[in-house]
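J.: Chains as they are written, first to last, in this note's numbering: chain A, 1 to 450; chain B, 1001 to 1067.
Calculated directly from the structure, the hints in this document are not laboratory data.
Virtual Cβ for every residue (Gly too), placed ideally from N, Cα, C.
A couple of the hints might just be wrong.
As the list claims (entries may be wrong) - Output of the computed footprint for chain B on chain A, the stretches with three or more beta carbons under 8 angstroms from beta carbons of chain B: (1) 116 to 126; (2) 352 to 359; (3) 421 to 428.
Said to hold, decoys possible - Among chain A residues calculated to face chain B with C-beta under 10 angstroms, some are: (4) PHE58; (5) ASN112; (6) PRO113; (7) THR232; (8) HIS349; (9) ARG366.
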Amino acid sequence: MSAEEADRKKNLYHFDRHTPEYRHQFEAITAEMHARCPIAWSDTYGGHWVAAGAREVFELARSAEYLSNDHDVNNERRGYKGITIPTPQSMFQSGFLEMDPPEQRHYRQALNPYLSPAAVARWTPVVAELVRACLDEKIETGRIDFVDDLANVVPAVLTLALMGIPMKHWTIYCEPIHAAVYTPPDSPDMAQVRDRQIEMYRDMFAQLKAIKENPRPGLIDALARAVINGRTPPDLELLGVMTLIIGGGFDTTTALTAHALEWLGEHPDQRERLSRERETLLDSATEEFLRFYTPAPGDGRTIAADCEIAGQRFKEGERLWLSWAMANRDPSVFPGPNEIDLARTGNRHHSFGLGIHRCIGSNVARMVFKQMATAVLDRMPDYRCDPAGAVHYQTIGVIQGMRHLPATFTPGARLGAGLDETIEAMRRVCDEQWLAEPVTVRTATAEIVR
Amino acid sequence: MKVHVDPERCQGHTLCAMIAPEMFELDDIDGHSSPVTEQVPAGQEARVAEAVRSCPEQAISVSGDPA
């Protein structure tokens, strides 16, 4: 290494976010990096930069002209490796999250009218019904697993509805997506996970083909009709986009909800306060749970041209990890960063990412989380989680999630039909009211007559 | 006090409209924000200041007399 190279990479930090130690030592590692090396060079995974400081992550994420998300799977451009470090075995591009403008922008423009705040608000009554049904399945027993019985279910069913896939297919999609994240690659369970993924992709491809032949509204229809930089994308590329929507729509909101319910269960006084003062506190509490638990902890980038950003010199082709999770604990932006303050102000957290690749589903995530959380506060106000049964993901390199969160509560009365019957009723509502149309075509909120 | 949202920087995080719903409106199609009026009415200054502080893209700025 030349003297210039050594000087450029003098802030060394051995960073491996895929180890259980990183999860267990997260706050100590984060504090050390903020103090010593808010941008560090790590020798792991072929060598890459790690941005941990809020100012550094902010400046980098918004420097789209110097950063590339491109995953050049067929080696047709510069061979860049996309947003995952290390590079996965998969030869799939993760949709427009692994593209640069203008293609990336064209995809977002095609999908925005389905996912804007106004578009998402139309679905609120449908989500409320799905949540009600999930809780009704368990309300008489006094026992629920907040992951398996609620937080895994509602985001999955709604995401499929937004896409234009039959909601009852959620069981084909839910577990493979969840399991692919929490199953270590060397686990003996991985073969079974792959089998279920194949089944899922088969259904996805069938849905795309069916919608191309017989259009029905939803995100897939928008993709099937999209012209991206003057061309009609091949099916394989569209499957990558569909996988991105499903991956982004399912496990992230599940992770946020599970962690928030776990914390509220451990802090009954705060739970009562949130329930009582939800008119003023629900928005800030939601943003605070997003900040603290950062379901998607970061994104990779490739440096696209030699540059200096946030005081660090970078060379074209180098890999970079932007840690939203660590930036969210930076004390220079978030006083008392390791404490949850439901009324926190100035909470400009990074949990949906920053810049042109910011999460396109953030409005869905917030709405679904709020519906699930408030319904639990209303109907199971005294729930107690069972710490012995709670299972967190072993590592937090990809998603900071939970596998199980069992709880007990004082049983209550059912309010309506069970989940399967409710999904069928919501299918009719979606079909009859054309809910999956973009907001440019349909603006009315769902009407549900019970 | 005047408020401005830089349309190039705004990415539609929507926090400003949560904090000061009377001051910021969100585009129906992409959720990007714009001020309802440039001039901040009396009584809205503190909320607008909080929106400035909370914008993840630092896209909101204020100018002129803070009162």
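J.: Three or more residues of the stretch 116 to 126 of chain A near chain B by CB distance under 8 angstroms?
T.: holds (count 4)
J.: Holds or violated: is the Cβ of THR232 of chain A closer than 10 angstroms to a Cβ in chain B?
T.: violated, 22 angstroms
J.: Taking 8 angstroms as the C-beta cutoff, is the stated coverage of the stretch 352 to 359 of chain A by chain B satisfied by three or more residues?
T.: holds (count 5)
J.: Is the hint on ARG366 of chain A kept, meaning its closest Cβ partner in chain B is under 10 angstroms away?
T.: Given a least distance of 8 angstroms, the restraint on ARG366 of chain A holds.
J.: Minimum Cβ distance from PHE58 of chain A to chain B below 10 angstroms?
T.: Holds, about 8 angstroms.
J.: Was the hint right that PRO113 of chain A lines chain B, CB cutoff 10 angstroms?
T.: With a closest approach of 5 angstroms, the PRO113 of chain A hint holds.
J.: Does ASN112 of chain A hold up as a contact with chain B if the rule is Cβ-Cβ below 10 angstroms?
T.: Holds - the Cβ of ASN112 of chain A comes within 10 angstroms of chain B, reaching about 4 angstroms at its closest.
J.: Grab the minimum C-beta distance from HIS349 of chain A to chain B and call the hint holds if it beats 10 angstroms, violated otherwise.
T.: holds, 7 angstroms
J.: Checking C-beta pairs, does the stretch 421 to 428 of chain A have three or more residues closer than 8 angstroms to chain B?
T.: Answer violated; 0 residues pass the 8 angstroms Cβ test.
Checked against the numbered hints above, the structure breaks hints 3 and 7 and satisfies the rest.
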